[in-house]
Each structure stands twice: as structure tokens, then as C-alpha cells.
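First residue of the sequence shown? That's 1 in our numbering, and the numbers climb one at a time after it.
Quick caveat, the hints were computed from the structure, so don't treat them as lab data. Please note that a few of the clues may not be correct.
[To be verified] Using 30 Å as the maximum straight-line C-alpha spacing, the simulated DSSO-like pairs for lysine-lysine come out as follows:
hint, residue 1, residue 2
1, K59, K279
2, K161, K229
3, K388, K59
4, K139, K59
5, K388, K161
6, K59, K153
7, K229, K59
8, K139, K388
9, K279, K388
10, K153, K229
11, K153, K139
12, K59, K161
13, K139, K229
14, K279, K153
15, K229, K388
16, K279, K161
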Amino acid sequence: MRNQTNGPPTNLEYVLLQWLRWLAVALLLVLLLAACERKPQLVTGLGPGGADVSGSTAKVFFVTDRGAQTEGRKGLAYGHRRSQSMAFGEAIVRFGSDGAVAGTSRRIPINVVRVDEQLRFPQTPLPFSQRRGVVVPDKGARAVYGAAADEFKARVAQELKRTGQSEIVVFVHGFRNDFNDAVATLSNIWHASDRMAMPIAYTWPADNPGLLGYFRDRESGEFSVFHLKETLRLLAEVEGLDSLHLIAHSRGTDVATTALREMIIEARASGRNPRDVLKIDNLILAAPDLDFGVVRQRLIAERFGPAFECITVYMNPEDGALGTAQAVLSGTRFGRLSFEDLSEVDREIFRQIGNVYFIDVSQVATRTSHSYFSRNPDVMTDIVALLKTSAAPGSPERRMTHLEANFWQLELEENFRVVRPDR
């Protein structure tokens, strides 16, 4: 028993304190899981001519390092387990159902109805030896990997040529998303943007089960960084490609920015311009689940921004899922940031960065929304305008009010008025 003075806790008290802490974490994680559970639905009123697409199908491509599995008559599927090799293929999605009646509902589910794996890369890391401190790659293994890489680039180039396109949009999903979620979410964005680019979902081994699934997903995201780097490297080498657009959401922003940061460092070390190497016009970070202190030191300090034509960060200061992550992990989450949270030093840095924009969506999205980027029609409309026109905030194509520096607020149409930065 603990004595009457303020002495150290007894073993029993220590165990109870630890148990209460874990219970609090578990309850917070239940809230986080609930915030990320809703399945993708088509945002209606956007897309080619605003036409009704109920019952129609579309093709979306994927690269994944999820482990493959079979589900009886449903055929090939990919789960949350990790694969040491990347797979490339195509998925067929259906908007709604064949029996849907046009105009009866604004909620049109998006379902993956078929998955075809077209190519599998060799496992990584490739074998190598070390001689006198020098790494010597295995020539046979490199040749096999190189052949797979060439086939991948040829298949992508063939699709670009078939569709007459020269752009690719890559989507990197977040925590608690399974394979179908990733493909369906991208198909929603792709359709809304008038199918203006070849869609490729990069889907990493997320959706780990249990209360600790968030932490398992975090580590699976770290596991996937090398494969994402390889995917982006190969895509940039595809014949006929002019530019890439990369959209990342939630924990996917950590996977994406980590991979890109390493690629930027590698390009600069070899004397090349990262912008020429990556070919990424738009980097869109939606509800980024990143510690802002880490962003300062690993992205801003590393001069991350100049490697892209434009970086757009969508934020909701009341984001419920990020609020839970912030409570569990501490450190302000980047996706909840507001101009008032910045120090004067940070504000001055942001004022000098001309190609990075921060968009507050709290006026148009549900107060605690986390998946607004693919579910809210106002946010989706802005993303579509950005992808199709590359228009800057404050231009007629984008409905925004200027706040401070490069911070903007997305507005409802009835409340919209443009306040230019020089006013």
C-alpha cells in the first residue's frame, strides 16, 4: 500500500495507471477508426458533362505491395499483409448498380468488381555482395528486375498512347483504407476531373485490424517507401509522359513525402534538377497526418518545395481523426494547422515560398471531416479545377478568400468573394 506521504506509487498503483493510459489510448483509437470507416461514394454532378453513370464501369490501374490473396469466387484480392514485391495491374470499378435509376439518389457507391494483376516485379531487396567495401549488385537479379521495369513502362506508355493522354494522376491513400477503398477513391477523383489523365492507385499495406491497427499501418507505410520511390522513378521515365499529379491523403502523405524527400536528395546529389527528374506538376496533400515539427525539419529545412511546380495542402483545423492522432502522438498535425499556429519565423518562411498554398476547408466541409477531399463536392470541385487548369488560389476558377500570406479559405458559392493578396 502507498504510504500517507506523497511517495512513489506502489506496483499495484503503477499497473493501474498504465492500464488506464492504455484504455484512454484504446478509446481514442476507436474514435480514429470510426472516422476512417466510411466507404467511397461517387460525388455526383461532376465528371464528363455531369452525365449519369449509374451502372457503368471504368478501368483504374494500380501498383501495390500488399500481399495477394484469393476470396473464393471473387477471385484475386489484396489484403493488409506485406509483399516484398510490387504488382501492377488494372481494376474494373462499377458506379452504382445496373438497376440504379438516374437521379434517385446522390449517393452512388463505387464497387471494385474485378482485379487483374498484369505484372509482378522480383522481390526486393535484390541480392548483392560486398567486396572491399564496395557494393556489387547481382547481375542476374538486376537483369530480371530491369526486364520487369521495362515491361511496366511499356504497358503504361501503351495506355497513354491508346487514350491520347500525356498525364498521370497517382493517388496514395491513408490509414484504414483497404485495396478497394484506394481504387474506388481514385476513380471518384478521376471521373470528377473529366478523366483527364491515366489513373494509378498506389496502395500500400494499410487496413491492419485491431485497436493497434493505426500503429501497424504507420510501420507498413514506412515499409512501402522504397516501392513508391521505384514506382515514381519508373513513371517519370515513361515515353510520352509530360507530367504527373500526385494526390496523397492522411497517413499516405507521410509515405509520399518520405519517398519524395529521398528522391529529391538523390537527384540533387547527382547534379540533377529534382523538378526535371520527378515531373510532378501538382503535389496535393489532403488532411496530412504529419507532425508539423517533423515537417519543419524534414521538408522545409530540406528545401522540399522547389522540386514541384505547385504544392497544395488542404486543411481542416477541426479535423476529428487528426485531432485523435494528435492526442495520441502529440505534436500539431499538419492537416489541422492554421496561420495563427505559426511562429513569426514560420510565417516569414511561408511568405517566401511562392509555390505552396494552404487551403482551409472548414467553411465548406463538415466540422470534423477528415475525408472531405473525396466526399465534399466543394473541395472536389477545387481539386478538379487545380488538376485541369493549374489555376492559383484567387483566380476565377477557384472559389477562395485570401487569409494571410499563402493561406486561403475555400468558400461556399453563396458566400464567395475574392480578396486579392495586394488589398
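So, going through the hints one by one against the coordinates:
| no. | hint | verdict |
| --- | --- | --- |
| 1 | K59 to K279 | holds, 24 Å |
| 2 | K161 to K229 | holds, 24 Å |
| 3 | K388 to K59 | holds, 20 Å |
| 4 | K139 to K59 | violated, 36 Å |
| 5 | K388 to K161 | holds, 19 Å |
| 6 | K59 to K153 | holds, 18 Å |
| 7 | K229 to K59 | holds, 24 Å |
| 8 | K139 to K388 | violated, 43 Å |
| 9 | K279 to K388 | holds, 16 Å |
| 10 | K153 to K229 | holds, 15 Å |
| 11 | K153 to K139 | holds, 21 Å |
| 12 | K59 to K161 | holds, 16 Å |
| 13 | K139 to K229 | holds, 21 Å |
| 14 | K279 to K153 | holds, 15 Å |
| 15 | K229 to K388 | holds, 25 Å |
| 16 | K279 to K161 | holds, 18 Å |
When held up to the earlier numbered hints, the structure conflicts with 4, 8 and fits the remainder.
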